[in-house]
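Undergrad: Each chain is listed here by its residues.
2 protein chains.
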Amino acid sequence: MSKALTIFDTTLRDGTQGEGISLSAEDKLKIAKKLDQLGVHYIEGGIPGSNSKDIEFFDRVKELRLNAKITAFGSTRRKNSLAEHDANLQRLIDSGAQATSLVGKSWDFHVHTALQTTLEENLAMIYDSIAYLKQHGLEVMFDAEHFFDGYKNNPEYAVAVMRKAEEAGADWLVMCDTNGGTMPHEVSDIVAALGGQITGTARLGIHTHNDCELAVANTLSAVRSGAEMIQGTMNGYGERCGNANLCSIIPNLQLKLGYQVLEEKQLEQLTNTARYVSEIANVHMPVNQPYVGAAAFAHKGGIHVSAILRDARTYEHIVPETVGNHQRVLVSELAGQSNILSKAQKMGIEFDPEKESTREVIGRIKDLEHQGYQFEGADASLELMLREANGEVRKLFTFESFKMLVEKSAGKPVVSEAFVKLNIDGNSIYTAAEGNGPVNALDNALRKALISYYPGLNDVHLSDYKVRVLDDKEATASKVRVLIESSNVENSWNTVGVSSNVIEASWEALVDSFLYALLGQDKREGYEEIQSVERGLVNH
Amino acid sequence: MSKALTIFDTTLRDGTQGEGISLSAEDKLKIAKKLDQLGVHYIEGGIPGSNSKDIEFFDRVKELRLNAKITAFGSTRRKNSLAEHDANLQRLIDSGAQATSLVGKSWDFHVHTALQTTLEENLAMIYDSIAYLKQHGLEVMFDAEHFFDGYKNNPEYAVAVMRKAEEAGADWLVMCDTNGGTMPHEVSDIVAALGGQITGTARLGIHTHNDCELAVANTLSAVRSGAEMIQGTMNGYGERCGNANLCSIIPNLQLKLGYQVLEEKQLEQLTNTARYVSEIANVHMPVNQPYVGAAAFAHKGGIHVSAILRDARTYEHIVPETVGNHQRVLVSELAGQSNILSKAQKMGIEFDPEKESTREVIGRIKDLEHQGYQFEGADASLELMLREANGEVRKLFTFESFKMLVEKSAGKPVVSEAFVKLNIDGNSIYTAAEGNGPVNALDNALRKALISYYPGLNDVHLSDYKVRVLDDKEATASKVRVLIESSNVENSWNTVGVSSNVIEASWEALVDSFLYALLGQDKREGYEEIQSVERGLVNH
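For the protein sequence lines, the chains are A and B, in the order given. FYI, in the numbering used here the residues of the first sequence are 1 to 540. FYI, in the numbering used here the residues of the second sequence are 1 to 540.
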C-alpha cells in the first residue's frame, strides 16, 4: 500500500478550458515554478504552436530548470495522411518538451461522428503518431479520449485502441472520462478489465472530469484498480464542471489510502499552492473547498466549537497543518457566546464572560450581522469591535465630512477627486486628493489627513476590494457590503463596511483598515503613544 | 434497480452551518415550499426552540400544508437524567413536526471526550429518548453521529448503538460521516456489514460530509450497499466543506443508476430550484457546479464546439434539459471563429464568415478580453457588439458628460447625486437625480434623460450588480470589472464595463443595459421606430 504514484498536472492546459480562466505566458511560468516546488511529476504546459502564449511558455520554461517533466499536448495525425507530414506532431517535437500527451479516440461513436473516419484508420492514426514521437525520443502518454464511454459501447474496440498504442511504444495508457459521466464502480470494473488485457510494459493512467461530482472518487477507484498516473488540475479547474481536483486527490491518496505521492514537507505546501494558483488565475476559491479552503477546518456550531476546544479530532478528519491549512472558529449569529469568547482568546483579548459589556458586544455583533455585516471574512473589524468593548481602543480622530466627485466628459479621461475633513487633537484638517477611482481618491485623501500624525500608515496599502450586493428584495435600494483586504510588509487584514451607498460602505471599511493598522502599531510601540482612537464615524 | 429512495433535505438545518449562510424564518419558508415542489420527501426545518427564527418556522410551516414531512432536529437526552424531564425532547414534541431526527453518539471516543460519560449511559440516553418520542407518535430517524469513525474504532459498540436505537423503535438508522473523512470503499464495506446485523424493520439512511470531496460518492456507495434514505442539502451547503450535495446525488441516482427518486417533471425543476435556493441564501453558485451550474454544459474549446454542433452527445454526458439546464457556447480568447459564429447563430444574427467585418469583430472581442472584459457572463454586451458589427445597431444618443457626487457629513445621512448631459436628435438634455447610492443616482439621471424618447425603459430595472477587482499587479491602480444584471417583466440580461474607475465601469455596463433593452424593443416594434443608437461612449 505504500506504492508510489505519479502526479500529472494539467492546470496549464485542460485547466484553462474552465469558464473565466485565462493565463498569460508569465502566469503559466509562475504556476509551473510553484507546481514544481509542490513536487508534481509532470506539468502539461499547453498546446505548442496553438497560440503565442503557449509558444512563449515552451520557449521560456526551459530556463527554469524544473524537476518536473514538461509535457506538450497534441492530437494524433490527421486522417489519411502521414505522421511525418503532420504539422501538429512536428510542433510537439519542436517544443523541446520531454514528454507528450497525445490524445486519440477510443469511442467508436466519436470515430464515426467527430473524426468521420473508419475504426481502422483511427487505429493507424494512433499507431503512426506514437511511433513517430517515440522515434524522436519523447516519452508518450496516450490519452484515450472517452475511454469509459467507448468501453461501455464497444469494449473490444476500446481495448484494441489501447493495445495498438502500447504496440506503438506508448509509455503510459491514460484512460480519460472526458464527459465525466462514469460512476465509480464502473471505473473500478473497467480499469481492472483493461489491466488484465495489457500485457506489455506500458502503465495505466487516469484522467477524469467532474460532471457528476465524482472526479475525485473516480480517480481513487482507478488507482485502487491499478492506475499509477493521476492527471488532474489545481483546484479542479477545467471545462464545464472541471477536471479532477489534485488538491483533494493528493491528500486522499497519501493521508487516507497510504500511497506515496509527495514528501511530507511538500504536502504542507498544498494549501499555499492552491491559493497561489487561484490568485494567479484570478478565480475566487470557494471557502468550502476540501482540504485547502478557508472554511475546510472552520467551526460554526456552538456545540462543535466546545468539542474541538477539548479535542480537535472530534470534528476534524485530519490535522489541518498536514496540508498547510489551519483551524478557524467562525463568528456568526448561530454562535453561542463560547464561539466569540474563543475567537477573542485566539486574538489574545481577555474577556470576562460574566461582565455586562461582554453580553453587550455579543448582542451588537448579532445586530450588525442582521444588518448585513459579515465578520467571518473581516477579522480585523471584529477585533477592533472586541478591543473597543474591552476598553483597549481610544479616540483617533473626529470625523467631520467627506465629499467624493467623479466626472467624465466626452473624449476626456474620467477624473476622481475626494475631500476629507477631520479633527485631530483639536486641529481641523481638510485634505483633497485625486485617484484613479473613487475609493483610491478617498484612500489618498484620508491617508493625507492622517499621515503626519500616524506615519505608520505609509506602509499600508489596499490589496483587495470586494463588493457584494445584499439581496434585501428592494432592487435599487439594495445594501452593499464592501470587504477590503489591506497589507503592510508583515501582515494582511480584512475589514468590512455596509451601506446602501457603495462609497459610504467603502469608507467604513477603509477607516477600519487604518484603525487596525494603527492598533497593531500601538501594540508594538506601547499604548501611551496613541493620542486618540475612535470609531465614532463608523456606524457600528 | 428501480427501487424507490427517500430524499431527506437538511438545507434549512445542517446547510445553515455553512460559512456565510444565514436564513431568516421567511427565507426558510420560501425554500421549504420550493423543495416541496421539487419533491423531496422530508424537510428538516431546524432545531425547535434554539432561536426565534426556528420557532417561527415550525409555527408557520404548518399553514403551507406541504407534501413533504417536516422534521425537527434534536439531541438525545442529557446524561444522568430522565427523557420526560428533558426540555429539548419536549420542544421536539411541541414543535408539531411529523418526524424528528435525533442525533446520538456512536463513536466511543466521542462518548468519552465530548459527552464525558460511559458507553452504557450513552446507550441508555439513546434508548430512552427514542422510546419517549415514539410514545408521542413521532417518526424517528436516529442520526448516528460519527458512525463510520466509530465503526472503524470499535465496530461492536457502533453496531450496539444502532441495535439499541432499533430496539427503542427508531424508524430509520442514519449512518453519519460527520467529519467527512471516510473513503467510498470503506462506506461500502461498513454499510453492508451493518445491514447484515440489523434484523428488525428499521431502514438504513446515509448522511455524508464533503471534507474529502467524496460526499456524493460516499452516498452512492451507501445506497449501493443498501441505504434507502439520503440526507443532504441543496448545492451541498453545510459546515466546513459542506454536506452531500442533493443537486448531484439525485440525478446520479436517477439518470445513472436507475433508482426511482423524483418524477421526470420534478427532476426538470432541479436547476431552477438549486438557483432559487442560492439566491435566497445569497450565496454565489459556482459556475462549474455539476448538473445545475451555468457552465455545467458550457463549451469553450474550438474543437469541442464543432463536435457538439454535430452531435451534443460527443461532449455532454446527459441531455441538459433533463435537469432543467441548457447548453451554452462560451466566447473566449481560446475560441476559434466557430465559437463566435455559433454564438451569433444562437442569437439569431446572420454573419458571413468570409467578410472582413467578421474578422474585425472577432479581433475586437479578443482585444477587449485582453483588457479585462469578460463576455462569458455578459451576453447582452456581446450581442450588442455583434449586432453593431452587422450594422443592426444605430445611434441612440450622443454622450456629452456625467458627474457623480457623494457627500457625507458627521451625523447626517450620506447623499448621492448624479448629473448627465446628452444630446438626442440635436436636443441637448441635462438631467440631475439623487439615488441611495452612486450607481442608483447615475441610473436615475440617465433614465430621466432617455425616458421621454424611449418610454420602454420604464420597465427596466437593475436586478444585480457585481464588482470584480482585476489583478493587474498594481494594487490601487487596479482595473475593476462591473457586471450588471437587468430585467424587465419578460427577460433578464447581463452587461459588462471595465475601467480603473468603478463609476465609469458601472456607467458603461448601465449604458449597455439600456441599449440592449431598446434593441429588444426595436425587434418587437420594427427598427424604423428607433431614432439613433450609438455606443460611442462605451470604450469598446
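Simulated from the structure, these hints should not be mistaken for laboratory data. Warning: the hint list may mix true and false statements.
If you want the footprint, here are the derived chain B segments under chain A, 3+ residues with CB under 8 Å [unchecked claim]:
hint	segment
1	196–206
2	266–273
3	308–315
Below, computed lysine-lysine pairings styled on DSSO-like, alpha-carbon distance capped at 30 Å [unchecked claim]:
hint	chain 1	residue 1	chain 2	residue 2
4	A	Lys403	B	Lys30
5	A	Lys69	A	Lys366
6	B	Lys421	A	Lys412
7	B	Lys466	A	Lys30
8	B	Lys34	B	Lys256
9	A	Lys265	B	Lys152
10	B	Lys421	A	Lys403
11	A	Lys152	B	Lys265
12	A	Lys3	A	Lys33
13	B	Lys448	A	Lys53
14	A	Lys366	B	Lys265
15	B	Lys403	A	Lys33
16	B	Lys256	A	Lys152
17	A	Lys412	A	Lys366
18	A	Lys421	B	Lys366
19	A	Lys30	A	Lys53
20	B	Lys466	A	Lys412
21	A	Lys466	B	Lys355
22	B	Lys34	B	Lys69
We put the CB at the ideal spot given by N, CA and C, even for glycine.
Undergrad: Which of the stated hints cannot be reconciled with the structure, identified by number in ascending sequence?
TA: Violated hints: 1, 2, 4, 5, 13, 14, 15, 17, 18 and 21; rest satisfied.
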